[in-house]
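Asker: Sequence:
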Amino acid sequence: MLARAKTVWYLIGAFVVSATACSIAMTIAAIQVFGWHDDKFRDAPGSAIQVGLVDIGISLLIASLVFALVVALRIRNERGGPLWLVVVFGAIYPVGYLMLGRVLIRMDPESIAVVVLSLAYLVLYPTLSAFGIRRTPII
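First residue of the sequence shown: 23, per the numbering used here; consecutive thereafter.
To be clear, the hints were calculated from the coordinates, so they are not data collected in a lab. There are no misleading hints in this set.
Restraint ranges, calculated between C-beta atoms of paired labels, are given here:
hint	residue 1	residue 2	range
1	35	77	21 to 27 angstroms
2	95	43	24 to 30 angstroms
3	77	149	16 to 22 angstroms
4	65	149	37 to 43 angstroms
5	110	65	34 to 40 angstroms
For every residue, glycine included, the Cβ atom is placed at its ideal position computed from N, Cα and C.
All chains, please: the whole structure from these sequences, using the hints.
Answerer: Structure (structure tokens):
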């Protein structure tokens with residue numbers, strides 16, 4: 023039982039740490055390098071970074087909770103999934119989130135598709151990531 027709990031915490035921690043590190047890097051790169059920010063932040067890119075970090079931080083919190091719940095319910099023994107795979111899933115999450123944001127910004131803001139796509143990515147990606155973990159030893 024203790025080994026199972028330890029495995030679950032390793033997997034959750036790997037997802038959260040990799041997603042957080044990639045989120046910070048992607049937000050700074052998106053604003054400073056690519057200039058993907060609203061025109062009102064033209065004179066204050068530091069504020070755009072702060073808003074971007076809060077935005078992705080909230081979505082990352084929800085995604086981490088969904089991932090933790092699915093992993094905790096899915097893993098029934100002391101064997102989890104390969105840790106490198108969880109790190110990759112965690113690192114891909116913010117990249118997809120920022121790319122989805124770039125696509126949705128071109129859509130009509132009052133469209134129901136924007137809400138559906140955003141919520142689907144927010145909940146389905148961590149769920150599918152957790153289901154993608156096979157019961158193999160942690161490497």
